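Colleague: Taken in sequence, the protein lines are chains G and E.
Everything in the first sequence is counted per this note's numbering, starting at 1 for the first residue and increasing by one.
Everything in the second sequence is counted per this note's numbering, starting at 1 for the first residue and increasing by one.
These aren't lab readings, by the way, just hints derived from the structure by calculation.
Just so you know, these numbers come straight off a predicted model, no measurement behind them.
Watch out, some of these pointers could steer you wrong.
Partial list, computed: chain G residues near chain E (C-beta under 7 Å) [unchecked claim]:
(1) T46
(2) F56
(3) A130
(4) T134
(5) M159
(6) F163
Just so it is clear, CB atoms sit at the ideal spot from N, CA and C, and this is done for glycine as well.
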Amino acid sequence: MIALVFALLFAGDLDRANRAYEAGRWAEAAALYRAALDGPGSSHATLWHNLGNCAFRLDRSPEAILYYRRALHYAPDNTQAQWNLHLAERRLGVTRAPPSLPRRLLAGIDAYPRLALALAALLQAAGLVAVLRTSGRARRLQLAAVIAVGLALGSRVAMTQCFAQPTAGVILEPSIAVRPDPHATLPVIARLDAGQLVRVEEASDRWARITHAAGSGWVERAVVGLVE
Amino acid sequence: MKRLLISVCALASVAGSQSGRVLVEVKADRSRYFVQQVVRVTLRVRVERSFLEKNLIQPFRRELQLPLRVDAQWLDRLPHAAILPTTKGAPVLVVNGKLATARRIDDGTQSLVVFELVRSYLPERPGTLSLAAPRVRYSYATKFRDDFLNGRLPDDRHEGDAVGPKLELDVAVLPDGAPTEFTGAVGRFTVRADAAPRELRAGESLKLSVTIEGKGNLMQFAPPSLAELDGFHVRGSVEASDANQRTIVYDLAALRSDVHQVPPISFAFFDPGPPPGYLTLHTRAIAIKVSGTTAAIVEPVRSTPERRPIAGVNDIFGIRTSHAAEPNKLSVGAVAVAITSPWLLAVLAFGLWRYAEQRRRRGPPPPDGVALFRERAKTASVRTAFVEFLAARLACPAAAVIGPELSKRLANAGVDNESARQADALTGELVAELYGGTHGNRSTEAATLVAKLDAAWRETP
Numbered sequence: 001m002i003a004l005v006f007a008l009l010f011a012g013d014l015d016r017a018n019r020a021y022e023a024g025r026w027a028e029a030a031a032l033y034r035a036a037l038d039g040p041g042s043s044h045a046t047l048w049h050n051l052g053n054c055a056f057r058l059d060r061s062p063e064a065i066l067y068y069r070r071a072l073h074y075a076p077d078n079t080q081a082q083w084n085l086h087l088a089e090r091r092l093g094v095t096r097a098p099p100s101l102p103r104r105l106l107a108g109i110d111a112y113p114r115l116a117l118a119l120a121a122l123l124q125a126a127g128l129v130a131v132l133r134t135s136g137r138a139r140r141l142q143l144a145a146v147i148a149v150g151l152a153l154g155s156r157v158a159m160t161q162c163f164a165q166p167t168a169g170v171i172l173e174p175s176i177a178v179r180p181d182p183h184a185t186l187p188v189i190a191r192l193d194a195g196q197l198v199r200v201e202e203a204s205d206r207w208a209r210i211t212h213a214a215g216s217g218w219v220e221r222a223v224v225g226l227v228e
Numbered sequence: 001m002k003r004l005l006i007s008v009c010a011l012a013s014v015a016g017s018q019s020g021r022v023l024v025e026v027k028a029d030r031s032r033y034f035v036q037q038v039v040r041v042t043l044r045v046r047v048e049r050s051f052l053e054k055n056l057i058q059p060f061r062r063e064l065q066l067p068l069r070v071d072a073q074w075l076d077r078l079p080h081a082a083i084l085p086t087t088k089g090a091p092v093l094v095v096n097g098k099l100a101t102a103r104r105i106d107d108g109t110q111s112l113v114v115f116e117l118v119r120s121y122l123p124e125r126p127g128t129l130s131l132a133a134p135r136v137r138y139s140y141a142t143k144f145r146d147d148f149l150n151g152r153l154p155d156d157r158h159e160g161d162a163v164g165p166k167l168e169l170d171v172a173v174l175p176d177g178a179p180t181e182f183t184g185a186v187g188r189f190t191v192r193a194d195a196a197p198r199e200l201r202a203g204e205s206l207k208l209s210v211t212i213e214g215k216g217n218l219m220q221f222a223p224p225s226l227a228e229l230d231g232f233h234v235r236g237s238v239e240a241s242d243a244n245q246r247t248i249v250y251d252l253a254a255l256r257s258d259v260h261q262v263p264p265i266s267f268a269f270f271d272p273g274p275p276p277g278y279l280t281l282h283t284r285a286i287a288i289k290v291s292g293t294t295a296a297i298v299e300p301v302r303s304t305p306e307r308r309p310i311a312g313v314n315d316i317f318g319i320r321t322s323h324a325a326e327p328n329k330l331s332v333g334a335v336a337v338a339i340t341s342p343w344l345l346a347v348l349a350f351g352l353w354r355y356a357e358q359r360r361r362r363g364p365p366p367p368d369g370v371a372l373f374r375e376r377a378k379t380a381s382v383r384t385a386f387v388e389f390l391a392a393r394l395a396c397p398a399a400a401v402i403g404p405e406l407s408k409r410l411a412n413a414g415v416d417n418e419s420a421r422q423a424d425a426l427t428g429e430l431v432a433e434l435y436g437g438t439h440g441n442r443s444t445e446a447a448t449l450v451a452k453l454d455a456a457w458r459e460t461p
């Protein structure tokens with residue numbers, strides 16, 4: 001009963017948030033979506049998507065990028081969030097090199113882990129049965145390659161699904177100083193612009209160690225929004 | 001380039017006793033679209049001419065040219081897609097409870113009357129456009145009577161319907177890499193420009209007409225921006241359009257006398273293909289002659305014309321209201337099972353295969369020698385039965401069994417020495433009987449030995 005009351009309460013929040021958004025009251029909608037994040041029965045992917053839209057309309061592009069990335073973390077195949085993220089990044093001038101083919105393949109595997117796992121099992125099983133029955137050396141090598149592909153697929157799925165991955169982060173403010181160690185007095189080794197995607201290796205209350213193409217080092221924790 | 005049309009079409013199943021007299025067909029020109037690409041869907045209904053003229057009954061008091069009722073909500077409204085205006089046709093029928101017009105099609109057949117309802121949509125977001133199965137309902141009769149006042153009246157009124165196939169169309173977002181001139185045009189277009197007058201004084205304006213022709217979201221995209229046109233200032237623009245053409249007339253003021261031409265106007269659009277991609281067209285430069293100078297000309301402040309926001313083209317997609325369950329992460333157990341199970345299965349399969357292979361090589365199991373011996377002994381002599389038993393086991397003709405080295409051959413074939421010696425001796429005695437040797441019933445002894453030998457052979461791999 002209590003859960004039902006809570007669900008109705010938060011469903012009301014969502015409806016109000018949607019109405020506020022449609023009426024152009026972005027800040028109010030954002031506050032209501034945030035409140036709904038703690039509620040039961042709501043999809044985080046949807047709420048982060050909508051929060052991203054609010055931030056976009058409020059011209060807070062770095063936040064929008066962070067929220068769209070969170071939405072994509074929960075639902076990687078949400079093409080609308082992908083497009084909105086693209087627009088938010090374009091607005092900030094963040095350029096993303098088109099992903100290489102292996103990266104696209106990895107992204108595809110990560111987006112559909114069940115399918116990838118089934119394919120891995122199929123490749124391995126078919127390859128193993130065939131390799132045990134065949135006699136030619138060249139043919140066995142080909143089949144071994146098939147098994148290796150299946151194993152690699154399975155390993156990728158196991159790695160992403162069963163082990164903790166480095167957290168992604170989004171830089172929320174412009175021209176952020178990256179330092180070699182967590183001390184504000186140390187020289188700046190690189191600067192990052194708002195909206196940039198970084199990998200957060202570790203974080204404390206005050207500092208976060210990040211990795212980015214522009215350099216690896218420490219930035220203030222408050223300027224990095226964690227995607228996960 | 002010839003457009004590749006992927007037709008998604010299927011004939012409907014037809015319900016009722018008048019099966020096959022009304023057929024419904026739905027088709028789209030492709031199965032995959034992009035956001036803002038025009039989706040053209042055709043609902044075609046084929047009615048047997050004689051059935052239409054002789055049997056169909058008017059559903060209402062008002063007489064319809066086609067006494068049919070079409071139920072397909074997507075003809076009026078399709079979620080996440082805008083419906084483009086349609087041209088009116090001639091025959092009147094009922095669509096979703098309202099009077100509507102359809103277009104008569106001549107497909108060359110005399111026996112069928114074909115008409116179609118065409119709708120064009122502009123998808124507003126990526127995903128799937130679902131068009132539910134359309135239904136065509138009709139009333140018919142097989143017997144009529146003539147009434148003096150009301151004319152021909154049906155005696156037996158029946159209801160029939162035909163259901164068409166449902167259609168699902170994929171909609172994808174536009175790819176990255178749009179040129180800077182892109183303002184949201186999706187389709188296949190051509191562009192041309194003209195200017196008048198060609199001779200003017202600095203400060204005066206000319207009318208630059210940019211005509212965009214083609215098939216696509218012609219009315220949805222923002223017109224090409226001329227804000228950066230060097231030496232000119234856009235004072236305003238007006239538009240005129242029809243189904244396949246849109247003309248934007250810019251009021252261009254020449255700012256300086258050293259301007260000799262209206263430079264080429266760039267127009268970029270996304271061509272859905274195949275192959276899909278962005279294209280940028282340029283109009284030709286238009287030579288003009290600007291004379292004199294006017295001191296009063298002040299370079300105006302440039303302002304970028306407001307672009308009409310189009311979700312998926314130059315604007316974000318709206319909020320999401322669906323709360324689909326998010327996929328949970330796979331458990332370690334599930335992943336481990338999925339990775340190890342193929343190996344276990346492969347080992348199992350290999351084991352089974354090896355077992356089957358061995359069985360195949362070994363051949364079929366030998367028949368029960370004792371039974372064969374007893375069966376043979378009933379019709380022939382004990383000697384013949386025993387010799388044939390040995391011949392079958394030694395894989396040689398019966399005549400070749402009897403010989404000086406029989407015990408040795410039997411031993412080589414897997415029989416222990418004692419049994420081999422006994423078999424050799426018994427064979428000798430049985431042959432001797434034939435030539436007048438000792439007589440006696442040796443069948444029991446022979447049967448015992450056969451059982452012994454048979455068991456020995458069965459144990460031999």
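Colleague: Could you work out which earlier hints the structure fails to respect and list their numbers in ascending sequence?
Modeller: Of the numbered hints given earlier, those the structure breaks are 3, 4, 5, 6, listed in rising order.
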